[in-house]
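Chain H: place on chain L using the hints.
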Amino acid sequence: MAVRLINVVKKYVGPDGSVVPVIDIPEFLLNDGQQAALIGSSGSGKTTLLHIIAGILLPDSGQILFGPPRGGPGSVSLTHLSEAQRDIFRGRYVGYIFQTHHLLPGFTALENVLLGMTFTHRGHDRQWAIHLLTAVGLSDRLHYKPAKLSVGQQQRVAVARALANRPTLVLADEPTGALDAKNAQQVLELICSLCTEVSASLLMVTHDMDVASRLSQTYSLTQLNRAAMAEAVR
Amino acid sequence: MNIFQLVFKQMRQRALGTWLTLLSVMLGTSLAIAILILARESRDFFGVKQFGYDSLIGKKGSRVQLVLNTVYHLDVSPGNIPFSIYGELLKGGPYYDYVKIAVPFVVGDTVNGKFPIMGTPCTLFGINDETRKPLPEDEVLGYGENYDGSEKHFELAQGSVFHYNMFEAVIGSDVARLAPLRIGDRFQATHIAGTANSAPVVHPQIWKVVGILKPTHTAADRTVYIPLMSFYTIAAHGAALIAQSSLENGATPSLTSQFNASYDHVTIDPDGTEHHTDYILYPNKTFHLTIDPSRLLISGIMAQSRGGVDLQRLQYYLNNGPDVMDVNPAMEMGVLLDNFLRPSQVILLIIASLVSIVAAIGILVSIYNSVSARIREIAILRALGATRRTILTLICLEASLIGLFGGILGLVLAHAACALASYLLNLYVGQGIDWLRVDWTEGVYLIAVVVVSALAGLVPAMKAYWTPVATNLVTV
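Order-wise, the sequence lines are chains L and H.
First residue of the first sequence: 1, per our numbering; consecutive thereafter.
First residue of the second sequence: 235, per our numbering; consecutive thereafter.
Where hints are given, some of them may not hold.
Only pairs whose alpha carbons sit at most 27 Å apart, straight line, appear in this in silico DSS-like list of lysine-lysine [unchecked claim]: (1) H:348 with H:448; (2) H:243 with L:145; (3) H:697 with L:11; (4) H:243 with L:148.
Bear in mind the hints are in silico, worked out from the structure with no lab data behind them.
If we strip away everything but chain L, and leave its shape as in the complex, we get (with noise of 0.2 Å):
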């Protein structure tokens, strides 16, 4: 399922009442099966992004469509759904990997896995539970709660329940951005591997050229933002 933005506008308010445009893209296409990387400086509105793509924020204007790359029949505005109907979207079709694990402090590993799957209402896959944190490697750390796992061992269930769903977009928020290289570079390539295994896009924000670069294609956010363009040639 590819992801289309045409024309997606957000702006914020600021303190002194002025309006700020953060995003403002004509087009942007992460096709079906994709792996990019989205880079931009600090508050650029990398965040706001992808939580517009997920869902968590409406854009002021323009249409976010899942569906066929093209368009057409079977795709879904998400703009037209209600907040109700975003959120089983996202919990159905998104997979969200944030910058830190967010993770539930009381859960075990293997629950904050299945907690991915309890909104979807279509029933619990304990057994894909296991397989996705087999799979990243914490197969003798299921009962564990977060805080008796390292920080790498966190965010690799944070990845675990992104997958749970086998979701056709995973977005990730700077996934490896609180982790050592050794741990960002195993982080990143079960990432990449998991996607690959359900299908999914797979949509990156970085500010790091070395990870951006292990992905299929960069985007920069400030290339993409007509909003940014403007910023900068003032």
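The following block gives chain H in isolation, referenced to the frame of chain L:
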């Protein structure tokens, strides 16, 4: 992982807060339900509408005291009336036209200081004193009313009714269980002294248990019944009768010094016949009272009027006399219940409900604080696909579950507390309460606790509902 498991996990995660909140709900609920149980039991106990008789004749004085002493064996007897009053209710007497059944009784002594003794004729148990033959049912005094409107009569579980002139006894079911006394066992009557410093007096006469009544769930279950006349064989009672008679005839109070143990003089014939001061005890164990019948006093008379105007006439004539009064026990207990017990129960219930509401506010505060602390977790759940409504449901469900579990534990605690109260009441008053019975009012209260808890959960649930996801995911 379903929504319940998710809620339980969240509750376990903050176990201390959950338990403390649950505890406050439990205490509030237990207090309210204990009051409901005690209110119900006191209503059942004191609010009896059918006693099997509509007329209770006794010494003029406190009407409630007479009923409490006769029906519930509480308080002390208000005094004695002449036995001759009983004769006036029988055939040939002036009040016969108004009275269908009349049973005289005397009270005053106890078994072991716990179980009151009542002297009555065999007619109370449906047996003719002289012929020992069963009486027609409509000539037997009842003790209550069945659901179908028929009268309840005393029934024997074991043994037989006592002989009217032998030292025999019929005991209530609780006496058999708690005293414990069985068929063939013997006991002596104990007179509890009127002052705190005086020791109880154990009378020498010995009665033998010949019958045990089926449970009636009334004060009769803890009563020991003996033949009416055997009550007067107790020397002290005979002495008291003489003393009272002397006082009524103008003697000075000092003459009451005859009231002592040396009153009874016994001589024994060669054939074994014992001649006591007030009676003769034959070798066949029957006795004959030698006391002057005109001196006999009784505690009261339970009578069933012929109904309607006859009851009013009987009350009118007796109540306008100088020494005797006639009260309707159902009416007296109704007045006591309406004027004293019910208002105090309502006040207690209001207090208990306020305690439950405070507990519900405790739920609100506890969950509100927990939601504030879990705001990022809620944002994560939203990011994982939970809708706002799911989050609202999660929080309200948590509050409801705390209300439900706290309520159930409160229900159990209330019944346990009432079991303890029942034990203590049995110990001190001789009558417990039906602490195991759960009725619909408790169910309604429990539902109300859950509903109020869910409503209390709504405030934090709304906070969670409006949690902005993006902001709380970014702010790390």
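Against the structure, the hints come out as follows:
1. With a C-alpha separation of about 19 Å, the suggested pair residue 348 (chain H) and residue 448 (chain H) falls inside the 27 Å cut-off, and the hint holds.
2. Straight-line distance between C-alpha atoms of residue 243 (chain H) and residue 145 (chain L) comes to about 12 Å, which keeps the hinted pair within the 27 Å bound.
3. The suggested pairing of residue 697 (chain H) with residue 11 (chain L) holds, with an alpha-carbon distance near 26 Å, which does not exceed 27 Å.
4. At most 27 Å may separate the alpha-carbon atoms for a hinted pair to count; residue 243 (chain H) and residue 148 (chain L) meet this at roughly 18 Å.
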